[in-house]
Each structure stands twice: as C-alpha cells, then as structure tokens.
Amino acid sequence: MTTDDGFKRTYPQVDDWTDSRELLANARKQAEERQLDDVFIVDIDSHISDGGNWPEIMDYVEDPVIREAASAFGDGSKRGAFLNGTDGLQWQNVWGRIPHGQGLKEAVEESDLSRETILSRRCMDQMGLDYQVMFPNAMLFLGMHPVPEMEVHLATAYNRWLVERVLPEDTRIKAMMYLPFNNPMEAEKTVKRFLGKPGVAGFLVTSSRHKPVHANEYMRLYGMLEEAGQVLGFHTHLNWQDEYTSQLNRFISMHAISFVLCNLVHLTNWVINGLPERFPKLKVMWIESGVAWLPFIMQRLDHEYMMRTSEAPLLTKLPSEYMREMFYTTQPLERTNETLLAATMEAMSAETQMLFASDWPHWDFDLPATIWDLPFLDEAAKRNILGYNAARIFDLEIPEKYRALAAE
Amino acid sequence: MSELLVAKVDDLADRERRIVVEGPLEIGVFRLGDEFFAWESNCPHAGGPVCQGRIMNRVNEVLDDEKRAHGYEFVDADVHIICPWHGYEFNIRTGAHPGDRDTRLRGFPVTVRDGAVYVTI
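Protein chains in written order, with our numbering: chain A, 1 to 408; chain B, 1 to 121.
Chain B on its own, in the form it takes in the complex (with noise of 0.2 Å):
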C-alpha cells in the first residue's frame, strides 16, 4: 500500500479530473463538488484510456404521462466519464456502467488531508 499525491484540493476544479501515473498503473482521479473518486484508466471492455475521455452527464429519455417519448435530457444528478476508445460509459460515483452492473471500472481509495488529494494504490 502506498499513497500517491494528487493535487492540491484548490487545483482540482469540479467536474475535473487528474491522471496520476504509478509504474504501470494510471488511474484518473474525479472531482465532483466536495467528493473525489479514483479509478483505473483502464476500460474493462478493451483496455482503453478510460479516464481520458470526455465527462458527461447521464442522457435520460423524456417520456410524457402516456408514454410518448419527447427526446433527451441530461440528468444532473449522474456524471458519467466516457471511454474514448469506444464510447463505454461509466458513473463517476460508482465506476459502473449504466446499462450492466457487472461492467465496472477498478477502483482505489481516495483521501483529502491537509488541502491535498491522495490516492491509496
């Protein structure tokens, strides 16, 4: 177990993420309001460069009382990083895939102490 520095809390701004980089392993680390959470960049579908892809919120389709569908909306509430190998998303909170639980992103400890942002690998 070690610990690895990530950034000051005041250099990392909501919705920004930081790839640290330990030997072989690179895991991005997300800020979203006051939470950090870490993840391998390392897509389980293939490998990609998982947290070097773009940040987006969940899409929701828009159904009215009767069910007709009335397009998109964001949903505020679920931060996805997208893959960009192939567009596989997953929850910044959870490190899941949206549509299968049992795809998900490997994940490590996070610890804010004395300002800074630490990984523990």
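In isolation and in its complexed conformation, chain A is listed as follows (with noise of 0.2 Å):
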C-alpha cells in the first residue's frame, strides 16, 4: 500500500474537482491509527468515474446502427448516449453541498491506464482496500429504460468495456457483470459470455424495475448461476416514478424509502416463491440499502408466514432462515442507534453473512473504519465483514500476508 506518488494535500475548501486523495486523506490517517493495511478489506460496491468513461464505452456497442447513432449525443462527443437517466439524482450533492455527490471531475495523469483504474487505485490506496468491486451510475437506472432492448446494447457494451479494457490493468479491480434482466434469454448470453473472464466476481440485477424475481422465465438463469458458484446480487437504486415514491417531495425521503423498497418487494418474493428451495446454493446478494430494514421484513415474513403457510408452500423453514443464508452489504450502516445495530446484525448472522461495502464516491459512502469502530463487534467478526466473507464467497484469492488470519 502505498500513498507516496507525489501527491501533497493543499487544504482549501474542497469541491468537485478535488484530487480524491486529498478528499479522503482522512481515510487514510484511519488506516494508519487502525493498522488496517494489516486488514484484508473487500469493498463489495464502488462506482467511479463512470460518466466520464460513457463515450469511450460506446465504442463497445455491437450493433453499428446503435454504435453510430451514439455520436447524436453530446454534440457528438456521445456523452449520456442513450441513457435514461433518473430524475432526483441531480440532488445527490444536497444542494451543493457535498462536492463530489455529483461525480469525481479530478484531474488524472496522462497515462495509458483508464481513467476508471487510476480513480479506483486512489480510493482503495486511501481506503488501505484490496479490492474494489465496482459498477457504474450509468446503468442503476436502465431495468426502467423506456427502450427495453437498449438495455441489452448498453449492457454488453459496458460489460464489455470493463472485461478488455477495466479488468485487465489492475488485478485488484473487480466487477459483477450487469444482468440485462428485464430480458432473460439476454441475460442467460451474458452470464455465458462473461463467466470465468478475469475479474469477472459475479453478476448483478439492479433492483429499480418491475419485474418480478420468481418469474418462471428466470429459472434457467437462476439454475446456470447456481450451477457457476456465481454470486447474484441485486443492487437497489433510486425510483422517484413509482406511485407511492412520486409523492415524497424531497431527496432525503426519497432516498431513505426508494432503495429499500427495491429490496423489500424482490426479497419478499424471492423468499416467498421458495427461490432458496429451488436453488439452495445460490449465493444471493442484497445490495445498498444499509441493514436497518432486515429485522422488520424478517419478523414480518415471518409472522404472516406462520398464518398463511399454505401461500408460501415451497417453504420449509421461517422466512427469516433463508434470509440468513442469504448475503447482505453494510452500505450505507445506519449507525446512530447503536442498540439497535447490534440487534440486527445479530439477526442477520453478520459473521458471515453481511460484507462491507463503500460505495465510493457517492455521497452517501462508508469507509472500513464504519466497521471497524463497532463496539460490540470482536476481531474476528470485523475481519470476517471487512473481507473474509467476500473472499469465500467471491472465491478471491487472500494475498498471503493475511493469510494466517483467515477465518476457518
């Protein structure tokens, strides 16, 4: 791990255009006091500089009308091409007052890298992290693009981008591959094309849309990811169009309700329609929507489940056992009660079952030491949380520096 690169903090106000180092050097004192470049610490969900990258991703479009038609956009630079990008997001920066809410603008050296692994580096550097798996704004908000096969295009291409052009440059660099979902027999390619492609760690549903998870014409994907070991993560985003959402009138509301509910109603019907009895070895993941809400879906399922068996008949066991099985991401760890915290992270078997995750450079991020500084949390539980647990379900290689520590 290394910080010395020439940079030097400066001090002034910070803004948008900030060097990220100098943003987080206070991420990286708290490394330093923790001595957590002795930790192995996985972040399960980051998203850099993605804007920036859209034209250079468009030349991964397949189709050469689409591909072509890419340079309409942006006075033909082909920025945003496509993109149906969702309203509200503007105000992730509360109104100017979290620079970077709106996307990294930092300069970088003239290099042959991408911009996309010489962003990552600077965070994971000060972070003291040893990898980073990451996924792009761009393509949260495309299961509700209102030109359903221009999810496809934008997904291979994006998929595409990171494999030969992301993945390669930097073995500590991750990513789970997008699921065209609202498409299955898409989805099936992509899981067939991208499986086993070098940093390829999974594959990922973003949650915003209305499809339903246990639909039949999912079962076949469902059944090659179980049979892969691949992880399946579902990452919630934002939705302000929804009827309930559409009448919250600020981002805090929104933000607070909308990407839980992505993953109240998928879980629900996951755990609802038997999918863990169906397929009992896929690794599930539920993505960005803190933890505080599991303990409530967890008594509630399973207290009309004890009225209502016969609704949920492919059920052996509580809901709430299944979704103990299942994996869950701390970003962003609601931390303000700390009793409470301590109850749900005992009710989800966190040991095991929950991985950290920064979600750098969005506004709301966390950092390792978020998990760290849990009091009631022992060594080895952190250690499992900050990285064990993604190396075994991630199947990462543990550098061997960590090794002796690995949990059993």
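To be clear, the hints were calculated from the coordinates, so they are not data collected in a lab.
Where hints are given, some of them may not hold.
What the hints assert, rightly or not - Ranges between beta-carbon positions, derived for each pair:
1. Arg93(B) to Glu149(A): 41 to 49 Å
2. Gly52(A) to Glu16(B): 31 to 39 Å
3. Ser71(A) to Val9(B): 56 to 64 Å
4. Arg104(B) to Glu243(A): 39 to 47 Å
5. Arg9(A) to Arg106(B): 47 to 55 Å
6. Pro375(A) to Val21(B): 39 to 47 Å
7. Thr309(A) to Arg104(B): 47 to 55 Å
8. His70(B) to Ser253(A): 16 to 24 Å
Backbone N, C-alpha and C define an ideal beta-carbon position, used for all residues, glycine too.
Join these two chains into a complex; the hints should help.
The structure is reproduced here in structure tokens:
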C-alpha cells in the first residue's frame, strides 16, 4: 500500500474537482491509526467515474447502427448516449453541500491506464482496500429504460468495456457483470459470455425495475448461476416515478425509502416463492440499503408465514431462516443507534453474511472504519465482514500476508 | 499547551477559514465578523475533513400564521460548516450539529493579539 506518488495536500475548501487523494486523506489516517493495512479488506460496491467513460464505452456497442447513433448525443461526444437518467439524481450533492456527490471531476495524469483504474487505485490506497468491486452509476437505472432493447445494447457494451479495457489493468479491481434482466434470454447469454473472464466477480441485477424475480422465465438463469457457483447480486436504486415514492417531495425522503423498497419487494418475492428451496446453493446478495430494514422484514414475513403457510408452500422453514442464508452489504450502515444495530447484526448473522461496501464516490459512502470501530463486534467478526466473507463468497485469492488470520 | 499562528487578522476575511496543521492535528480557524472560532477538521460522524467544506447559513423552512409551508430561507445568524464527506453541518459558533446537540466538533481556544490570530492546542 503506498501513497508516495508525489501527491501533496493543499487544505483549501474542497470542490468537485478536488483530487480524491486529498478528499480521502483522513481515510488514510484512519487506516494507519487502526493498522487497517494489516486487515484484508474487500469493497463490494463502488462506483468510479463512469460518466466520463461513457463515450469510450459506446465504442463497445456491437450493433453498428446503435454504435453510430451514439455519435448523435452530446454534440458528437457521445456523452450520456441513450441513458435514461433518473429524475432526482441531481439532488445527490445536497444542493452543492457534498461536492463529489455529482461524481469525481478531478484530473488524472497522462497514462495508458484508464481513468477508471487510476481513480480506483486512489480510493483503494487511501482506504486501505485489497480489492474493489465496481459498478457504474449509469447502469443503475437501465431497468426502467423506456426502450427495453437498449438495456441489452448498453449492458453488453459496458460489460465488454470492463472485461476488455479495465479489469486487465489491475488485479485488485473486480466487477459484477450487468445482467439485462428485462430480457431473460439475453441475461443467460451474458452469463455464458462473461463467466470466468479475469476479474469477473459475479453477476448483478439492478433492482429498480418492475419484473418479478420469481417469474418462471428466470429459472434457467438462476440455475446457470447456481451451477457455476456465481454470486447473484441485487443492487437497489431510486425510482421517484413509482406511485408511492412520487408523493415524496425531498431527496432525503426518497433516498430513505426508495432503495429499501427495491429490496423489500424483490426479497419478499424471492423468499415467499421458495427460490431458496429451488436454488439452495445459489449465492444471493442484497446490495445498498443499509441493514435496518432486515429485522423488520424478517419479523414481518415470519409473522405472516405462520398464519398463511399455504400461500408459501415451497418453504420448509421460516422466512427469516432463509434470509440468514443470504448475503447483505453494509452501506449505508445506519449507526445512530448502536443497540438497534447490534441487534440487527445478530439477527442477520452478520459475522458470516455481511460484506463491507463503500459505495465510493457516492455521497453516502462508508469507510472500513465504519465496521472496525463497532464496539460490539469481536475482531474475528470485523475481519470477516471487511474481507474474508467476500473472499469466500466471490472466491477471491487472499494475499499471503493475511492468510494466517483467515477465518476457518 | 502551545500556540500556533493562524494568520494576521486582516488576512482572514469575514466567513473565511484557514486550516493550520500541527503534526497529525488539523484545525480549521473561522472568522465570523470580529469573532474567531477553531475546530478540529475531523468530523465526529466518520472522520471527514469537515473544515474543508462549504460555509453556508443554516436553512429554515418558512411557515405562515396557519402553519402552511412556503419554502426555504437562509438564517443569517447561524453560519454552518458542512463536512464535504457526508454533509454533516455544524454551527461555526457553537460547534454543534443543529439537530443533535451531542454531535459536536472538538474546539480549541483562539486568541487575537497584536493584529494576529493564534490557536492554542
């Protein structure tokens, strides 16, 4: 781990052009104070600089007509081509109060490396990360694209760009491949095409969409992922256009509810329709809603299931028991009430089921210290959550220096 | 106890801040009118560089006599420093979060002497 690359702090007011090494200088301090460079840490969810890469990604579109048409966007720059940006995202920076909330605009040195890799390394070095699993902002809202086939074009281009351009640049960078979930056959093709490619850590569904996860057309996809031992992640996102969320007048309200709503709906369908019984070895992961929603839905589903068992006939145990076999990422970890958080982490079997996620550079990112400083966890649990759980689930190679401490 | 020179008084404009560094300690010194305030640039939430954030007035929601809402207004009397990591806001005069008095910045005494501003650590 090194930050000795000539970078010097300047201490002025930071803005969206500030070098992220300066913005994250206190993260480096935290890592050193806690000796986190001796802790194996995997960041399961980060989003680096995707907007700036979009013109390059468009060159990977395989349909020549669509690829050519991308040039019609952004005064020929291809910026934002075909994206269905979600209303409300411009509020992420809290009206300018969180400068990097609209993305990192910092300069990077002239290099053969992609900007993505350079910025990812800056983040990993400052936070003390060993691996970073990345995913782009731009794809998070494709599940609601008004032109369904565009999801396939863009997903394929993005997956190819990652696998061919970015992932070979640094073995610390991993990615989950975007599944064009509105088209099950194309999602299956995506698995076949990218499975086993270097740096591919798993496959991911962006959850802001209206396709029920238990639809029969997905069973072959799940079976493929289960057989291949791959992680199937569900990454939440906001949707201000749903009838209920459309009543919310502020981003704080929408952000608090909309992300969680994705997981509540899809996870409920997943459990009640018996998907864990149908695919018992499939590694399912629920990403980016914090964890406060978990004890609610565990209790709620258990309570309902005891009275209405016949509506969930595939289940052979309580919904919460299935939930404790699935995986959850930490960010944004609700930490304002430690008693509730401790109970939540116990309820969800966090020691084996929880995985650290930073969500950097989004406005509500978390740092490894978020986990390391929790007073109610023992050190083994902290190390599992920060890295060893991810290594186990994603089959990541643990560097030699950490192996002695790896959990049994 | 030692004293660090922050700046000449005239070199620090109203609503301006200067960050001084002593070893691992980073302190933001703020001028509001003729008053000066010093806070550690280490946000109590997640350790962000709070003193490198934007300086903005507190926002209030405007209600009429019948408690109907009519949008926002800035409150000139309450000047905030906003942590650039996650948006935690702190009153520069008190160091306190406006919605949680238990969440506050660590402060340091400031002295003005012979036309210069000093902070004691």
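Results for each hint:
1. Arg93(B) to Glu149(A): 41 to 49 Å: violated (57 Å)
2. Gly52(A) to Glu16(B): 31 to 39 Å: holds (32 Å)
3. Ser71(A) to Val9(B): 56 to 64 Å: Since the Cβ atoms of Ser71(A) and Val9(B) sit about 57 Å apart, the hinted range of 56 to 64 Å holds.
4. Arg104(B) to Glu243(A): 39 to 47 Å: holds (41 Å)
5. Arg9(A) to Arg106(B): 47 to 55 Å: With Cβ atoms ~20 Å apart, the hint is violated.
6. Pro375(A) to Val21(B): 39 to 47 Å: violated (30 Å)
7. Thr309(A) to Arg104(B): 47 to 55 Å: Holds - the Cβ-Cβ distance for Thr309(A) and Arg104(B), about 51 Å, lies within 47 to 55 Å.
8. His70(B) to Ser253(A): 16 to 24 Å: About 19 Å separates the Cβ atoms of His70(B) and Ser253(A), which means 16 to 24 Å holds.
Hint compliance for this structure: hints 1, 5 and 6 are not met, and every other hint is.
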